[in-house]
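Colleague: Chain by chain, the residues:
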Amino acid sequence: MDLFETALPALEQAFALILQPTQIMYLIAGVLLGLSVGVFPGLGGIAGLSLMLPFLYGMDPVSGLAMMVGLVAVIPTSDTFASVLMGIPGSSASQATVLDGFPMAKRGEAAKALAAAFVSSLFGGLFGAVVLTFFILIARPIVLAFGFPELLMVTILGLSMVGMLAGRIPLKGVAAAGLGLMVGAIGDAPALGSARLSFEDWSYLYDGLKLVIVGLGIFAVPEIISLLRQDRAIAKNASLGAGWMDGIRAWWKNIWLSIRCSGIGVIVGVIPGLGGSVVDWIAYGHAVQTTKDKSKFGQGEIRGVIGPESSNNAKEGGGLVPTLLFGIPGSGSMAVFIGGMILLGYEAGPQMIQNNLDITYTVVWSLALANVIGAGLCIALSGQIAKLTTIRFTLLAPFMFMLIAFAAFQSRQSLGDLVALFTIGVLGIFMRRFGWSRPAFLIGFVLSSQAESYTYQAFQSASIKLRTGGWGGMLEYIFSPIVIVILVITIASLWIAARQAKAILPPEEEGKPKGDKRGPVAFALFVAAFFLLAVVDAATISVFNDKIFPLVVSAVSLVAALGILWQMRRAPEGHALFEDGEVHGDDATAPKGLWTTLGWFAGLLVLASLVGFILALTIFFLLFLLVRAREGTRNMALLALPAVAVVVAFFWALRRDYLPGAWLTGIDLYFGLVLCIAVLGALLYGYFRLIGSSGKSPRIAVLTTCGIGAMLLMAHLLNRDFPPGLLQEFVKLPWPLGG
Amino acid sequence: MKTDLTRRVALGLAAGALALSATPASAQVSFEGETIEWIIPFSEGGGSDKWARFYAPLLSEALPGQPTVVVKNMPGAGSTKGANWFADNADPDGLMILGTSGSTQFPYLLNDPRVKFDYADWTVVLATATGGVAYMPPDLAAQFESDPQALFENTVFIYGSQGATRLDLVPLLAWELLGMQVEPIFGLKGRGDGRLMFERGEANIDYQTSSAYLSNVLPLVEQGQAVPVMAWGALDPDGNIVRDPSFPDIPTFKEVYTRIKGEEPSGPGWDAWKAFFVAGFPAQKMVFLPKETPQEIVDAYTAAFETIIARPDFKEVSLPHLGVYPQSTGAAAKVRMEQGTVVSEEAKDWVKNWLRERYGVELD
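Top to bottom, those sequences are chains A and B.
Residue numbering for the first sequence follows my numbering, beginning at 342 and increasing consecutively.
Residue numbering for the second sequence follows my numbering, beginning at 36 and increasing consecutively.
Calculated directly from the structure, the hints in this document are not laboratory data.
Any given hint might turn out to be false.
Cβ pair distances, simulated, as ranges [to be verified]:
(1) B/ARG235 x A/LEU349: 39 to 45 Å
(2) B/ASP284 x A/GLN630: 56 to 62 Å
(3) A/VAL968 x B/ASN146: 48 to 54 Å
Here are the simulated EDC-like pairs of lysine to aspartate or glutamate, each with C-alpha atoms no more than 16 Å apart in a straight line [stated by the list, open to error]:
(4) A/LYS888 x B/GLU397
(5) B/LYS369 x B/GLU211
(6) B/LYS224 x A/GLU346
(7) B/LYS387 x B/GLU397
(8) B/LYS387 x B/ASP147
(9) B/LYS326 x B/ASP128
(10) B/LYS296 x B/GLU211
(11) B/LYS296 x B/ASP182
(12) B/LYS224 x A/ASP548
Away from chain A, derived, C-beta distances all over 12 Å, residues of chain B [as the list claims (entries may be wrong)]:
(13) ASP84
(14) ALA122
(15) ASP174
(16) PRO272
(17) ILE276
(18) GLU290
(19) VAL291
(20) TRP305
(21) LYS326
(22) PRO347
(23) VAL359
This structure is a prediction, so every number in the text was calculated from the model and none was measured.
Yeah, the Cβ is synthetic: ideal placement off N, Cα and C, and Gly gets one too.
Generate coordinates for the entire structure from the input sequences, incorporating the hints supplied.
Modeller: What follows is the structure, encoded as structure tokens:
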């Protein structure tokens, strides 16, 4: 066959090119960097690749490509750590993993969940590489078949997953998705840039909220606060039940699900313009649909981990198709990837496939090898790292706050990021408490701008077709075969959702008293008021293109919210409508109050606005460990201060004289990486040693130093600043204190 | 990899120094051990980011004392955030520079309320030009050549656009002046998406900047799927529009207008187009220092960029990044900046009025 005749010799040449010690070294360097970047929530491929760009110039192309691909390929592997262990969506690719992965960790099955996730990632990644190999030669017409109506239809398919995840009351699911769509519509409109819900001069909102902040706020903050209030380890009883072999066995049992979800990942990845953020939701929805006993989803069902994790690595292989074939980046990290290729002397596009097929295929080989190395390392580590879930959570909490604050801060690098995180976090806490579907909210948010752009663009194109080609021309344009197929899938999935919605409810909770009406009604009123505000705001926009989408969505959502209020009026107390986690559920018996716990987080923000982020964080660490975690006396804790000072001085010195570029080129890349990992390792080692010891004051010192040190190392490597506060307005302080 | 680069740069420097016999003496200024932050008010991977990352290592080698040059991306608010930040935070010590693009110039020229900076507060040390080419499917292009009036009357052109106040203002206004019926479909994420729309057949007119045209549209032209119809052109030293040196065979918009309308373009619409064209293309990307920066430091930067441009291999290494356009420094860059950032009130008002009436965009 022609295809094989073209592909096989080039594949062989590529194999010879990549299997050199130097190239493999670079590949491994990329993989290690990718794994470390992926572990930090909110960083992802863009930050990692940008860090690499300075070294690419003048590098041997195969090594450079191997390093870049190595990095990109393993980010959806290692981001699973944060998703499963801490309930923090590590990157947009593993949001759905949180839904079942984190409950598994709470049950003490973290190692099992992690191992299943990594094997699925590995399989998905290899699947993606194989598909990329042959598909890239024939994909052109397929990619070009996806016009606006097709893209819109895929977006609608993604939105239809809300039906599967709506929760107990379907109307609340609709309103939650509407809320997500509206929060996603905040900022400048995609068409002509009118400001929406941005409240005049508040420029922060004008750029819209970033996924990092919304994902962290809606999932991570409520979980962290809840765990902190219960004052225990993540894993109940602080024990680890199932081990990593169980995870691999579970994956093998669900191999077909893994194959199907890998297929979904590749297909969605291939379509340019959809982006990776919807892949895992479609895969998750698919996993729910194809499971007989749906009652365990959301409570720690292993299929809910295998599905999304298979799809998100497969997506990277698929996503390289439009990137290499058309030179069109499917995502932000692919845009940087293309930039890196130019530095290596290759321009992504059709010529590259024709003239440099062997070089192109080194990308495929790198992808496959990176997945094997990355997943292998992660599986090997998963048993040890899963032990994190047995540590008393109050000791982990300051790290978690630091981590999510740092991650959120990557969004815009302003104090506004922290305020936004806190606000969305409070919203998430209440949605969790009153049983409003948070996945539905996130799906709405993620798809908001796509839904708007594609609706408008398909409508506009269709109306021009109507003018030039009559009704026939328009209908032919809108109802292409692809649209019809996806439409059928959408309807089928909605039908399944409607028919089986009841099966997803945990039956044992039916009929139990849900508490009084006040709280739930107040929150529903708040949601309705937000929609009303959104309707009014949309109505005042003068440009029709920018107005129609928010107006329609907010109006429909307002009707849904009013419908809920109407039902609430009629329903008796104790109805499922009035679900309230404070009255019934884990939080009801928590020893610590919600507001004091939230107060700690708010205190960090206020401090940061006064003295800048790094100083605030130091004070926060000390106070939190002293007061909340009751770790020893004040005098002893002061030992921590010199330690922090040393760390700061060290990094300040590095920053002044050896910035990332020169520092790493100077000592050379290997040394730089080894050094980073060694420092991190030493910090972690010290940390684990001291967790076990009984001496309390050195523990505070070490915890604080580790926390601040790791944060500074990361920020320094990525050349990031920290938000300055009032203090910095008056006193000019050096980095990192000055911001 | 690193030694290769250093050797190449060193050779280039040596050759350049020999060729020029001497670069301006700026021995007093030394950035040894310092770090220079290059603020790019756009996100990673965009055109301006690539441009800065191409120059950064070369600049690092060419500045006295070989400082580290770090590109710092600060996207947001249509690139006004990063520019505002630079205006507030840069000290006149040469340790922070700003790279702007046409997308920064346009909000400035259109009096966007988010703009808090003023180009007059800065000193330009480098200006990089680019160009743009519009293309159509072959059948329409043939008609465009033979009977443009009939084509304009009977055909609705569909164009994928990022927004009317962006660089797309230049093509949209050009086609409007010609009398074409162009329906823009707004909300695209980048010009690459516009090209994809054209390849899908959902758009039947498109334009790309020079480097994107060379790498991604030329193959379509060779396969007979696209035909270039006009280029925006380039500026000669006197400020006249001439043919684009990258595309000497493609007529400029001005020539096309003259052919179709039978007279040279004139009037407020043309003046406005020309002003925004210059801001968007011949003066597209510039590097700035704060105005208060001491002259020695400004001179050191000018000399550094001149050294880079004088490298014998500069043409070769820069071609994929910059095309064949002039990289202006010193007085020439100043002229470019004047042309690109000073626009008459009449032209501004005309464009604002046109944007309001044609697309309903209110700018104040």
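Colleague: Each hint should be assessed against the structure and marked as holding or not.
Modeller: Hint check results:
1. Hint check: B/ARG235 to A/LEU349, Cβ distance near 31 Å, so the stated range 39 to 45 Å is violated.
2. At roughly 57 Å, the beta-carbon separation of B/ASP284 and A/GLN630 lies within the given 56 to 62 Å, and the hint holds.
3. Separation of A/VAL968 from B/ASN146 is about 52 Å and conforms to the stated range, judged on CB atoms against 48 to 54 Å.
4. A hinted pair counts as satisfied when its Cα atoms are at most 16 Å apart, and A/LYS888 with B/GLU397 qualifies at roughly 14 Å.
5. Under the criterion of a C-alpha separation no larger than 16 Å, the hint pairing B/LYS369 with B/GLU211 is inconsistent with the structure, at around 31 Å.
6. Straight-line distance between C-alpha atoms of B/LYS224 and A/GLU346 comes to about 37 Å, which puts the hinted pair past the 16 Å bound.
7. Proximity of B/LYS387 to B/GLU397 is assessed by CA-CA distance (about 8 Å); at most 16 Å being required, the pair is judged to hold.
8. Restraint check: the Cα-Cα separation between B/LYS387 and B/ASP147 comes to about 11 Å, which is no more than 16 Å; the hinted pair holds.
9. Restraint check for B/LYS326 and B/ASP128: satisfied, since their Cα atoms lie roughly 11 Å apart, inside the 16 Å limit.
10. Distance check on the hinted pair: B/LYS296 and B/GLU211 sit about 13 Å apart at the alpha-carbon level, within 16 Å; holds.
11. At most 16 Å may separate the alpha-carbon atoms for a hinted pair to count; B/LYS296 and B/ASP182 meet this at roughly 12 Å.
12. For the hint pairing B/LYS224 with A/ASP548, the CA-to-CA distance comes to about 14 Å; that is within 16 Å, so the pair holds.
13. With a cut of 12 Å on Cβ distances, B/ASP84 falls inside the contact zone with chain A, its closest approach being about 7 Å.
14. At the 12 Å boundary, the C-beta of B/ALA122 stays outside the reach of chain A, the nearest C-beta of that chain being 15 Å off.
15. For B/ASP174, the non-interface assignment is confirmed: its Cβ lies about 14 Å from the closest Cβ of chain A, beyond the 12 Å cut-off.
16. For B/PRO272, the shortest C-beta to C-beta distance to chain A comes to about 30 Å, beyond the 12 Å cut-off, and the non-interface label holds.
17. With a least beta-carbon separation of about 29 Å from chain A, B/ILE276 lies farther than 12 Å from that chain, consistent with its non-interface assignment.
18. The Cβ of B/GLU290 lies farther than 12 Å from every Cβ of chain A, with a closest approach of about 29 Å, so its non-interface assignment holds.
19. Under the 12 Å C-beta cut-off, the non-interface status given to B/VAL291 relative to chain A holds; the minimum distance is some 24 Å.
20. Residue placement check: B/TRP305 keeps its beta carbon more than 12 Å from all beta carbons of chain A (closest about 25 Å).
21. In this structure B/LYS326 is separated from chain A by more than 12 Å, as the shortest Cβ-Cβ distance comes to about 22 Å.
22. Even its closest Cβ contact with chain A, about 16 Å, leaves B/PRO347 beyond 12 Å, as expected for a residue assigned away from the interface.
23. Distance check on B/VAL359: its Cβ is at least 16 Å (rounded) from any Cβ of chain A, clearing the 12 Å threshold; non-interface status holds.
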